[in-house]
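**Student:** Let the hints inform the model, and build the full structure from the sequences given.
Numbers 1 to 151, taken from my numbering, label the letters of the sequence shown in order.
Mixed in with the good hints, there may be bad ones.
Result set (DSS-like, lysine-lysine): computed pairs, CA atoms no more than 25 Å apart in a straight line [what the hints assert, rightly or not]:
1. K46 / K131
2. K122 / K103
3. K130 / K7
4. K149 / K7
5. K122 / K138
6. K138 / K29
7. K132 / K122
8. K33 / K138
9. K132 / K33
10. K29 / K77
11. K33 / K149
12. K138 / K149
13. K99 / K138
14. K7 / K77
15. K33 / K130
16. K29 / K7
17. K103 / K138
18. K29 / K132
19. K33 / K99
20. K103 / K77
21. K29 / K131
22. K29 / K149
23. K103 / K149
24. K138 / K77
25. K99 / K29
Hint data in this document are derived by calculation from the structure and do not stem from the laboratory.
Computed from a prediction, not measured in an experiment: that's the story for all the values here.
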Amino acid sequence: MYVLQTKSLIQAPLEEVWDFFSSPHNLQKITPKSMGFQILTGGEGKMYPGQIISYRVNPIPGISTLWVTEISHVEDKVFFVDEQRIGPYAMWHHEHHFKQTEKGVEMTDIVSYHLPLGLLGKFAHWLFVKKKVARIFKYRETVLPNFFKVG
Numbered sequence: 001m002y003v004l005q006t007k008s009l010i011q012a013p014l015e016e017v018w019d020f021f022s023s024p025h026n027l028q029k030i031t032p033k034s035m036g037f038q039i040l041t042g043g044e045g046k047m048y049p050g051q052i053i054s055y056r057v058n059p060i061p062g063i064s065t066l067w068v069t070e071i072s073h074v075e076d077k078v079f080f081v082d083e084q085r086i087g088p089y090a091m092w093h094h095e096h097h098f099k100q101t102e103k104g105v106e107m108t109d110i111v112s113y114h115l116p117l118g119l120l121g122k123f124a125h126w127l128f129v130k131k132k133v134a135r136i137f138k139y140r141e142t143v144l145p146n147f148f149k150v151g
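**Tutor:** See the structure below:
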């Protein structure tokens, strides 16, 4: 199992930050274009427990795959969790936490994931998957200032 944790400080009201991140359609705005991210079904409105969202993604250039996630937990303005049901990982569990501080909203992402294919999956993680997952969150840091003041 692999875990990636990132933190961002967003200088905006908690309600505004929550509204942005709890809308599935905004995910496309903060995902690298190279991922070919496209919502197919289930992305309407705000997230709710049990919501199933299907996407088309390009995890490797030239290779398109279906990714289906379920929003398994939501606590309004505190956290939500998306979990892969169908997709390229053997397991994907992504926690999104939001906490109001005196400096702004501290947003913490904790992604726990496991790759299929045993040793081949471990080699792929070492070779490129770890870097690709980290790049997705680094990209988000570069585009968040388009939507919020980030500090």
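**Student:** Each hint should be assessed against the structure and marked as holding or not.
**Tutor:** Do the hints match the structure? See the list:
Taken as a hint, the K46 and K131 pair is broken in the structure, with Cα atoms around 30 Å apart against an allowance of 25 Å. In summary, the hint linking K122 to K103 is not supported, as the alpha carbons are separated by about 39 Å, beyond the 25 Å threshold. Using a Cα cut-off of 25 Å, the hinted pair K130 and K7 holds, with the two alpha carbons roughly 17 Å apart. For the hint pairing K149 with K7, the CA-to-CA distance comes to about 15 Å; that is within 25 Å, so the pair holds.
As the CA atoms of K122 and K138 are separated by approximately 22 Å, the hinted pair is consistent with the 25 Å bound. A hinted pair counts as satisfied when its Cα atoms are at most 25 Å apart, and K138 with K29 qualifies at roughly 14 Å. Taking the CA atoms of K132 and K122, the gap is about 14 Å. The hint holds against a cut of 25 Å. Our distance criterion of 25 Å between C-alpha atoms is met by K33 and K138, whose separation comes to about 13 Å.
A C-alpha spacing of about 13 Å is found between K132 and K33, which places the hinted pair at or below 25 Å, so the restraint holds. For the hint linking K29 to K77, the alpha-carbon distance of about 20 Å falls within 25 Å, and the restraint holds. Proximity of K33 to K149 is assessed by CA-CA distance (about 22 Å); at most 25 Å being required, the pair is judged to hold. For the hint pairing K138 with K149, the CA-to-CA distance comes to about 16 Å; that is within 25 Å, so the pair holds.
Our distance criterion of 25 Å between C-alpha atoms is met by K99 and K138, whose separation comes to about 20 Å. Straight-line distance between C-alpha atoms of K7 and K77 comes to about 16 Å, which keeps the hinted pair within the 25 Å bound. Of the pairs offered as hints, the one joining K33 and K130 holds, with about 18 Å between alpha carbons and a cut-off of 25 Å not exceeded. Of the supplied pair hints, the one linking K29 and K7 holds, its CA atoms being roughly 18 Å apart against a limit of 25 Å.
A C-alpha spacing of about 21 Å is found between K103 and K138, which places the hinted pair at or below 25 Å, so the restraint holds. This hinted pair checks out: K29 and K132 have alpha carbons roughly 17 Å apart, not beyond 25 Å. A threshold of 25 Å between alpha carbons decides the hint, and for K33 with K99 the separation of about 29 Å lies outside it, so the pair is violated. As the CA atoms of K103 and K77 are separated by approximately 17 Å, the hinted pair is consistent with the 25 Å bound.
About 20 Å separates the Cα atoms of K29 and K131, which keeps this hinted pair within 25 Å; it holds. Straight-line distance between C-alpha atoms of K29 and K149 comes to about 16 Å, which keeps the hinted pair within the 25 Å bound. The suggested pairing of K103 with K149 holds, with an alpha-carbon distance near 11 Å, which does not exceed 25 Å. A threshold of 25 Å between alpha carbons decides the hint, and for K138 with K77 the separation of about 23 Å falls inside it, so the pair holds.
This hinted pair checks out: K99 and K29 have alpha carbons roughly 22 Å apart, not beyond 25 Å.
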